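Trainee: Based on the sequences and whatever the hints tell you, model everything.
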Amino acid sequence: MKFLAQDQLQAFLGHLAGESRVVAPVKGDDGVVLFRPWSPGTEVELDVLLAKQSAKEFVFRQSETYLRYGYAMEGEAAAVVDDSHEAKIAIDDPAELRAAQDAAVTAHATLVAEPVNDAPAQVIFGLRPCDARGFVQMDNVFGGYGGFYFDPYYNAKREATTLIAVTCRDPRSTCFCTTVGGSPDGTDGVDALLTQVEGGYTVETFSEKGEAVLGFSGLADASTAQTLYAETVKEQAVARVDIAFELEGVRENLRANIEDPGWHELAMRCISCGTCTYVCPNCYCFNITDEMVEGQGERIRTWDNCFNPIYTMETSGHNPREVKSNRFRNRFSHKFWYYPEKYDSLLCSGCGRCITHCPTRIDIREVLSVMGAPRAAAAPAATGEEA
Amino acid sequence: MAQATDTTQAAGTTPPGAEDDVKVVGIVCNWCSYAGADGAGTARLKQEFEMRLLRVPCTGRIDPLFAIKAFEKGADGVLISGCHPGDCHYSEGNYYARRKFELLDRMLPFLGVEPDRFKYTWVSASEGARWQKVVNEFVTKVKALGPREGRAL
Amino acid sequence: MRIGVFVCHCGTNIAGTVNSKGIAARAAELKDVVHTEDLIYTCSEPGQSAIQKAIIEKGLTRVVVAACSPHMHEVTFRRTVEGAGLNPYLFEMANIREHCSWIHDDYDMATEKAYEILKMSVAKVRQLEALVPNEVSVNKDVLVIGGGVAGIQTALDLADAGLKVTIVERETTIGGTMARLDKTFPTIDCSACILTPRMVDAAQHENIEIMAYCEVDKVQGYVGNFTVDIRKKAAMVDWVKCIGCEICMQKCPAKAPDVFNVGLAETKAIYIPFPQAVPKRAAIQVEHCRWFQQGKCKVCERVCPADAIDYEQQDEYVQKEFGAIVMATGLDVFPWEEYYHEYGSGNIPDVISGLQYERMLNASGPTSGHVVRPSTQGIKGQEPEEPKTVVFIQCVGSRDESVGRPYCSSVCCMYTAKQAILTKSHAGMDTEVYVFYIDIRATGKGYEEFVKRAQTEFNVKYVRGRVSKLYEDVIDGSRKVIVRGVDTLLGKQVEVAADLVVLASGITAADGAVQLAQKLNISYDEWGFYKESHPKLRPVETNTAGIFLAGACQSPKDIPTAVAQASGTAAKVLGLLSRDKLKTSPQIAIVEQNRCVSCWKCVEVCPFSAPQKQEQRDGTFKSHIIETVCQGCGICVATCPVNCITLKGFTTDAIIDQIEELLLA
Amino acid sequence: MSDRQAKIRELAAAALSEGRVDYFIGWKQGFNPSEVIPAFVRSADEVDELVWNPLAHHNLTTFLKRKMPDPPNARIGVCVKGCDSRTLVALLQEELVDKERIYVVGVPCDGIVNRRRIEKEFPDEVVDISFAGDTVTAVTRAGDSMEFAKGDLLFDHCNTCRYPNPFYADDLAADPVPEPEDRTPMWGSIEEFEALSPAEKDAKLAEAFETCIRCFACIHACPVCVCWDQCVNRSRRPALVGQRVDTKENLMFQMVHMFHVAGRCPSCGACDRACPVEIPLYLLHRKMNKELYDMLGFEPGVSLEEKPAFQTFKLDDPFGEH
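Chains as they are written, first to last, in my numbering: chain X, 1 to 387; chain F, 1 to 153; chain Y, 1 to 665; chain G, 1 to 322.
Honestly, the hints are just simulated from the structure, not real lab data.
Source: prediction; values computed, not measured.
Positions of the beta carbon are idealized from the N, C-alpha and C atoms, including for glycine.
Careful: at least some of the hints might be erroneous.
On the chain Y side, residues computed to face chain F include the following (Cβ under 10 Å) [said to hold, decoys possible]:
(1) 113
(2) 384
(3) 388
(4) 525
(5) 655
(6) 662
Mentor: Here it is as structure tokens:
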């Protein structure tokens, strides 16, 4: 175990910045802490436990151009002539006309498409174990798990990314990582873990990427005292995180309660915005759009979310989840039922951001302790056209 | 009129690609201002080069967001012109427009767009000379401000 | 999508400043453009057939013509592409003449701009969709606003052709300005002798209804289907009973200024403007009536044999439906008193306007046709004096920037010549007659000869020059008006001591013309004359379909021109109403109902009440726009927050694409 | 305060037990005891969860707008503060809410506390906020506590509030609080921004909107923003707003919201409070209302009779060339 003195932190980041882009939690003028590209001299904010947004954005971009294309007109188009015209505009036979037309116009649009996939090496510093675990859970979706789809865009960035996490010395009341199998000092997906101790941080590594950071000369070997201190910090942290609900049986219960009117009750104060999914470290739904002007275009992948009223809108105009409570139900069922069934892993790392950022403080723990538990025989759901 | 002839001196003298090369969008109603611009053309009233006109039936058709969109996409100036109040071909369109564009006119500076980059005015079909004056004065002001590279809006 | 681009040279109008050939060639690189061509005169027969040829042979599905203003030739080219089997609304025009070649000198810059304008049009044409016009049924009745000679002529032509016509006249009688004239040039035949029979014809015509002493209050609807509210002004006389016997007028003790005689004489509070009035009905000028002002009198009520007086009468409103409206609101005389202080501002009694002199010359006028000096009128025991020296001053309120009237009133030269001649015949050949003029405009048939006669046969002295000052002075005991001016031909000051000075006061738009135009949504120029749709090609139409122009309401005209135009207008109206159904523009708004959120903003803002709340199968209500009522202004489109209303031909996407195309780096 | 809370519970209980409403919307304590969140009560015996205190910032009229009621034809009881009532009035003006189906309890208000101002004072999490007179005491999880003067914590629109009593209510939860004699609006904190140069303003906006995540919280939390699933911000036809998430498009996205609520938005600040990345949306809407007032002397949502500013006009509107 290594030790990084507090006064070496900037130098350490500077070292990392030598090889790659460094992303770290930084407090803006408005006092909002967000993961932002770090530049030397920038203060890193590690006291505020969770940055407003997860670090997801730096691997699974909110808006990513992954294809540029252009149309060019080729062939004989222009018939630039002078003013003399004898008009003979009588071609009766359609076939003959068609032929005449094709003969006359060889002009055609040719499409040139070029994929875009920039994946510079980057270090995400100062994220929390739950954030790191979020990536691991999301990896299943894009990483070809069980022979499913392998996404070159996500993976290129994922592979080029080193995650240096910091132990949650002081978890919040909204933290519930331990409930979903994580921990304030969790190492899932973590390449290197810093733990705050007297005068600095202990540094542990868990992967080659992690070891790479040990190249920094300012690192000392951690003293026994420091090591022990770190252990205590971790134990205390784990102790401070409450078990929010009984995970056992949640999947089955969700299935059983699918038509339960309780979903309507819980969804009442939901305003169906996308905040919870966008701050979530592993909500991964996306949308694809073309943006084109005068034959030049980009194909863009942007985050989408299951609370978007037209999330499941079909071209026919039919929307199977037009009702707000259905969309509401989807998010939790997906994280704790559908997803686990397909990938044998939860889609929640217990960071609690969805709770603290929800405009009406909808609480995933409440939802799961109610709908994830056995319910009295499901009464017919209050049918409503609300969406 | 006097002013019009003054500003005419400068009209169309900027070489293309000069650093004060600006893009100005004009959205005008079909019945008054577009016809007024036609009148100016017929009378060969020389005008600043940068104005590009978009024809709509009525200023009432113009969503303030068109102007904002234009700025967002890099326009350096936006001019809206229609029939004088009371003369709207559809009787009321320019009254609604007047409110919308007055608000826009007051909001744009708050959004970081210099006041001289936006103007809404009235030019009738018979006011070719006025059209020339409006265009030349407006474009000249926008040129003085220069292009708005790197602006969010 | 196969777009064809055609770039016009318009001779040198465009090609002189813009490289038409060049931008036609460049246009080939634009997406979907499969054919480009430059043409010397695109609107010419060869030009149009070139377009049709290309459409057919190259299977074009969209056409852009870069040429003049769409106001000039959009209709032309729509027909052209339709002729080749393409929907006329899959066509777009790029205005590179009025908006480019004519307003720039720099060849390269103008060419660059023209290409950008063209690109914007191509961007728009990509967004266009095939549109099919609607048909609406047509009301065949016609409203003529104004009962002057032009209105009467139009009305009679239309009525003779079998259409029902309503003439709305704001005075108590039709006849207009012409009814006040004595003789007409160049024939010197009696104005009344020509006009009054026509007035009677109109009154007696089975297809004509004359609504005198009425005003148009409100106009709604659209071509073929106008709804007009008409205000019948209270005459305080029941016109059904009134027989026009004039007894009330003779007995009425209250004097009132005689508007018909331009204040040269006085009439009574209850009056009939002139003996040949049509309809011949009396009306009370409330502001001069003793009963209304002092609450006693009622003489007219007592003497009226028909018991027609009704002091309680109120304005009435009637609503009528028309298919077309003809504006024939005529003219007013320029109020020279307000502007020409150097001419005494109307305080010199012996300085009068042309129209006043016209009344003076008229046998049924205030002086029974005797030419007199107003300053000598109404003096006890003294006959009014006949002027020995009469001076006419031209262009008073015409061709005079200093009073904001740069235009020529077009009739003054001629009526002055006429009045000069009549002066000799009324006051004797020995009368000295001078005419101060700038130029003589005698362009009509027999006009020049007429002026020559005045100069030679009648020895009227024409002095070329402006009169700088008029003032009264006493010369050897007799009161004169000193006319001081300059003879620009001799280049010296001239002064004439005149007994009477007649100002050829110019023509201005009728009082209230602008307010009326605003009720009908037609455009007018800065002097209040109504604007024709096109100065050469559509001289009697306005920009508002179904509303036409006749006579001096459009611009100053003499009688022959006004009457000729009135008949032309009648022909246009007949052309319009010869159809039972009218095609209306398909460029209107339509609601995509599955996106409508029922916020009803469109219903709130539409000036024509085209959007309606329409019940859906599920019992909810969504906005629905009535096609034939929608005028295509797009106010609702700009107001609809979800943008679920589309204005065909001017879609939001089309506008945005044009903006983006233009701003494309 | 507690008397208002008691009265709210009493009125809610009555409405529910008499079957006048299907459910009643008020405020209740959140999972974190220092937070107050919207409460939906369906029976009289649940009314005790309803609370009233200066943390009740949510504008509950949002839950009346299109697509929110569940079931859609539900008869709803709702609590409104003075500012909330203005958005309700705006909704009623346009018949976007059925007057017949709502029961409104007005809560005279003496200012709402901006919790974010407290949180900014601690790195640690605030778990309790208590009120004693004008003193506000905040306690963190670690047990640190700090006292504030309530006046320092109020929302900007509370500091400048001219209408503390509801405009529209069927019943009041307390006697009206004293209202200022002078109803001339005050515009609070926008002058500072107004003073910046165009470039500076643009830079500030860029900085703020760079962080926007287009989550639609501002739009969905807005009581007068009713398009919901059809919002043109989601639309690709017309494509008024690009789907690319970048500063420019994010700003455009917000412009759509702003201009679509222009003349109907009384700047209640719901959008600002809902924004997870704390973009100062309130600033924009406040400025818009200032200009509307200067233009037309118009204040949204203060009279049921008046029309929203942009759905009407006057021939002699006192601006523009003539």
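Trainee: Close enough to count: is the Cβ of residue 655 of chain Y nearer than 10 Å to one in chain F?
Mentor: holds, 6 Å
Trainee: Please verify that hint: residue 113 of chain Y, Cβ, nearest Cβ of chain F, below 10 Å or not.
Mentor: Holds, because the Cβ-Cβ distance from residue 113 of chain Y to chain F comes to roughly 6 Å (cut-off 10 Å).
Trainee: Quick check on residue 384 of chain Y please, does its C-beta sit within 10 Å of some C-beta on chain F?
Mentor: Since the shortest Cβ distance to chain F is 46 Å, the answer is violated.
Trainee: How about residue 388 of chain Y: closest beta carbon in chain F under 10 Å, or not?
Mentor: violated, 46 Å
Trainee: Per the CB criterion, is residue 525 of chain Y less than 10 Å away from chain F?
Mentor: For residue 525 of chain Y, the interface hint holds, since the closest Cβ of chain F sits about 5 Å away, which is under 10 Å.
Trainee: Should the interface hint for residue 662 of chain Y be scored as holding, given a Cβ-Cβ cut-off of 10 Å against chain F?
Mentor: OK, holds: residue 662 of chain Y within 10 Å of chain F, min 5 Å.
The structure fails to meet hints 2, 3 from the earlier list, while all remaining hints are met.
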